[in-house]
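Novice: For reference, the chains in residue letters:
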Amino acid sequence: MSVKRHYEREFVRTFFTSPTAVEGEDDSAKMLRSAAQLSGMQAPDVWVPDNEDATAPSMRDEGVENIIEVVSEHGADFPGEIHPRIVWHRDSPGTRYQGFQHMLEIADPDNGAVDHIDGFVVPEVGDIDDWKKADEFITIVENEHGLEEGSLSMSVIVESGEAELAMGDLRAEMGRPANNLERMFLLVDGEVDYTKDMRAMTPTGELPPWPELRHNTSRGASAAGLVAVDGPYDDIRDVEGYNERMVENQAKGMLGIWSLTPGQVVEANKSPLPPKTGSWLLEVGDREIELDAEDGKQVYRGDDVGLESTDDGYVLRVGGEEHELDEDELRQELLDMTAYVPSMDDIVDSMEEFEAAKEAGKGAIAMTQSATLVVDGVEVELQKDRMWDEATYQAAQTPITLFQDVYEHRPDQHEELEEMYGSDVVERATNVGN
Amino acid sequence: MSVKRHYEREFVRTFFTSPTAVEGEDDSAKMLRSAAQLSGMQAPDVWVPDNEDATAPSMRDEGVENIIEVVSEHGADFPGEIHPRIVWHRDSPGTRYQGFQHMLEIADPDNGAVDHIDGFVVPEVGDIDDWKKADEFITIVENEHGLEEGSLSMSVIVESGEAELAMGDLRAEMGRPANNLERMFLLVDGEVDYTKDMRAMTPTGELPPWPELRHNTSRGASAAGLVAVDGPYDDIRDVEGYNERMVENQAKGMLGIWSLTPGQVVEANKSPLPPKTGSWLLEVGDREIELDAEDGKQVYRGDDVGLESTDDGYVLRVGGEEHELDEDELRQELLDMTAYVPSMDDIVDSMEEFEAAKEAGKGAIAMTQSATLVVDGVEVELQKDRMWDEATYQAAQTPITLFQDVYEHRPDQHEELEEMYGSDVVERATNVGN
Amino acid sequence: MSVKRHYEREFVRTFFTSPTAVEGEDDSAKMLRSAAQLSGMQAPDVWVPDNEDATAPSMRDEGVENIIEVVSEHGADFPGEIHPRIVWHRDSPGTRYQGFQHMLEIADPDNGAVDHIDGFVVPEVGDIDDWKKADEFITIVENEHGLEEGSLSMSVIVESGEAELAMGDLRAEMGRPANNLERMFLLVDGEVDYTKDMRAMTPTGELPPWPELRHNTSRGASAAGLVAVDGPYDDIRDVEGYNERMVENQAKGMLGIWSLTPGQVVEANKSPLPPKTGSWLLEVGDREIELDAEDGKQVYRGDDVGLESTDDGYVLRVGGEEHELDEDELRQELLDMTAYVPSMDDIVDSMEEFEAAKEAGKGAIAMTQSATLVVDGVEVELQKDRMWDEATYQAAQTPITLFQDVYEHRPDQHEELEEMYGSDVVERATNVGN
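These protein sequence lines map, in sequence, to chains B, D and Y. The first sequence: position 201 = 201 (full-length UniProt numbering), numbered continuously. The second sequence: position 237 = 237 (full-length UniProt numbering), numbered continuously. The third sequence: position 61 = 61 (full-length UniProt numbering), numbered continuously.
Accuracy of the hints is not assured; some may be wrong.
Note: identical chains are not told apart, hence a pair may lie in one copy or across any two.
Claimed, not checked - Within a straight-line C-alpha distance of at most 30 Å, the following computed DSS-like cross-link-like pairs (lysine-lysine) qualify:
#1 LYS276 / LYS30
#2 LYS362 / LYS297
#3 LYS362 / LYS384
#4 LYS384 / LYS30
#5 LYS362 / LYS30
Since the hints were derived computationally from the structure, they do not count as laboratory data.
Build out the structure end to end from the sequences listed, making use of the hints.
Specialist: Written out as structure tokens, the structure reads:
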């Protein structure tokens, strides 16, 4: 690992927030209590009792008591890490002082919760000097309560232009003797407040996609040895959209995402894991269509691509234009239009194959994937080659390393992982590359 | 407001440049003179007598005299701010000295213009030390002429890689005692020269879109409490393209844009204001099609989406693919494909409703928008819910805050605003959220 | 030129790597030897004997000897620059020391190669302090061997988040007295290792596009007076994809790219040069279709756009929607949908025309391009106007300046350039703008 990480989990898939105190319920800690008892795929890697935006301002002192009570009772058994979000604002000393007091209370050993608290989440941070103020309060909390310096981690919500810029300074600032920023853990984007802070607007009120923010957060995490997490996806019903967002994020190196419901937690826990079975994609314009696997053949059923066999060869129709091609040209064209999504099993296979080749003194080998593609009843045999060298091997390893991190730290998910992949694949995946 | 702003206008929609002296005219100040007398929607928020690129080098001394004459005469009545652009170049001390001399002359109280001059626009700046040189000259100008230090604002054109990077340093540098960078006002992208400086090229000679530059400018403005403005849109005839660019910019938090003609000023003054009436969009692939409102129904007339009612339910055709759906699935699919663009009235309504709910102790409420969608004669009832909490409320507030800033500072536009929205909506919009 | 460049080539189109020692061959230097004898369009602007990833770790000492032998023999005649890549890693002092020893050996004047070595390529750099370590080793190499300080250039591979951030510091750090970073030459993206470092992943294992990285590299090069080069394009067969990538890069100001084969070198040497003949594009949705030039007319043959002449005017069908238009509206619509790609000849013409106009005291002139567009047999006359002012002129100059840089430094390509363009165009292009 290029940068030293000062925490246990190398990967965080899920960041799940729960209100700490809900008004008008018999038990204001009800949501906290039910979240604390989640396990398996429904339990997040990081659980965040949220004493900030999810909880009404008037309920936040009660929220602190609820955190203490629920974490004391259930914390030992909770399968993920626990990081309460306290109140903070770069522009409000009063809010910052309140956040400090809440941390002092939550972390008091006499209250019994701190053994199960892994760190705090600090929202609305500003420039790097503001991050240092939060770090300093945590240092004082540790000192007052006789906790080891640096034992409580600090995660921030990046929801201002200042904080986005601060991520560029973090690596250099983390080494300075006057702070304990080595306690940093998660960089979490908060797109709703970021949108407000940037004064951005869209016709429909939808959040802007903010690709640069997500890149900069992922880069900041990479440069400082931290973990990047995307913000909440509001449209809870839209499972497809949530999954698309995660695939986009993964291509940016942002492998974690906020979850608002246990249902979202399940999706987000699974998303970065390779699929059980491989599949073929056909790229038409900007869209990628998954082909139907039938009797070992890959069948395209849409109207946007047509294929006809003629006396001279083939006519391929794509997006309203026809191309006359001979067999080689057709195969080449279709190779360019198709892509293969490898399964967990495929990835492990390729890694093992490359390791064996390396052992035998080879620096690069070709991995081949074959398929019979069917368009309008016409069948074409395709073979996709990809060269693997050391760099390909290492880049392909990311989902496997993530899987291994999950397997090590989340025994509560073993059963579901074995149901998903079969125990043979799980075993090989836990061992490959080590 | 998170960051202290040292100027009056919180929002700038329009940055309109006029040549200061045109050769071969009877009156070389003709264009300046006509621009100075614009008012209402044709008058920009910031007017820039342009003594740099828009004016031939040989005419620039005369340009300074013209600025003085025209601003002395018309400045008091001009409804926007006045910020002349002087000459400057990070690589040319001679040009910088010329710019200094021009500022000295324009700001001389004996010449009568400086009372109506709000600041200067400095083009072709380099790294932050270059910005400080311009700032220092303005400090000397103020000192020589007995003007209050910091009373003249400074805006820059970001048209080099160095300047783009400098925006990341600005927040920290603005606090230092040896400069007066607190006078900073606008960060304006200059894509033509930026393209040259970056040595970029496109096959057709079109400007690259530079999304990262615009993001970084908007972020720099946000972090330092300044206002971000996009560069000129050359194709004056292309009103649709200009508007699309502005919508893109708004999603980046860049709410202002350069205007080259009074016609562009009108478009750009209106673009960030919410529409008079709401509308429904259907998203097909990458395109968003506005539906026709007819008898209270939302009608789709294109060919890319088809809908048929069958014995078992419905067949929805999208982009060449058919989906058999029951009524619930159809409604869900169409909900995902549609979006509502709220009117000014809708936004004010939602804000008022949320304020009332908050007063009553609720932290979040659902806002519902209903419509009857018609595709191929088949009618479907849709209900779109959106949860509003404090953060949604505050993010939604941006267009309203902008409207209020306009209403406060631009009485010359009151009449047109009332014509656009009706006086009832205008009144409610000026009061909501305060 | 805004920023002082400390090297000869102002533009680098091609960065071609060759393994320095291949195991199991009679002559382990075979690939090096053949690369060293390339010339004309097959020879890169920068040739990189690659003693890092392309060469097995066990062969790297032999690789150093091969570099010395082959460069001593062929270096004097090689038409491009020669920059060996040595081993380096920000996290491994052992690797860094090995890289230092290899540089010492390669640059030893007794070995006869250093006269033809222009500099070194340093991979896997980290933050700016890590860059300084490599710079310091090169300074020591120069000092030990009695070479002029700064005479060996240094290029880096940007393949980590730290290195991406370091590019933002480079301009300020290059001026400091304790380093010789003025020797910097190329900033080269390395997307495979960058993807690993960022822990990014895609379903198909394809590399993410990393647009922000490429922007930041191009900007870093611009701000520090360096040259930006994109990383390798693995799919060697996919010539179209390679060319599309280069066009994308050019719009970012990144005019150079890695080449893995002499075939890729040819493509990449030609890509940034303007075409021999101009062409018209029709933009349909997100795609740009090149029209067929026939008898001086521009013919569209696809199905996505249809045109019919009716009694009242025209019906234009675009993407499934029909528009009834009169002749003016049709012409306007088609103007918005079309673009012209100028030839080398066109660009030179426009520049000459603008220079003449400027001489005659005009600051801006309109350049017109006419065409007869044919859709479904219906002919429409189009005239595209574009205003040229000083800024347009300078931005348009980039491909010409690049051409002139190539013409000056690559006499071995003169013949092919004359074959491509004709000697008249070549002569005018070498003289315009000077």
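Novice: Now look at each hint and say whether the structure bears it out.
Specialist: Do the hints match the structure? See the list:
{"no.": "1", "hint": "LYS276 / LYS30", "in the structure": "neither (36 Å within a copy, 44 Å between copies)"}
{"no.": "2", "hint": "LYS362 / LYS297", "in the structure": "neither (33 Å within a copy, 56 Å between copies)"}
{"no.": "3", "hint": "LYS362 / LYS384", "in the structure": "within (21 Å within a copy, 57 Å between copies)"}
{"no.": "4", "hint": "LYS384 / LYS30", "in the structure": "between (54 Å within a copy, 29 Å between copies)"}
{"no.": "5", "hint": "LYS362 / LYS30", "in the structure": "between (59 Å within a copy, 18 Å between copies)"}
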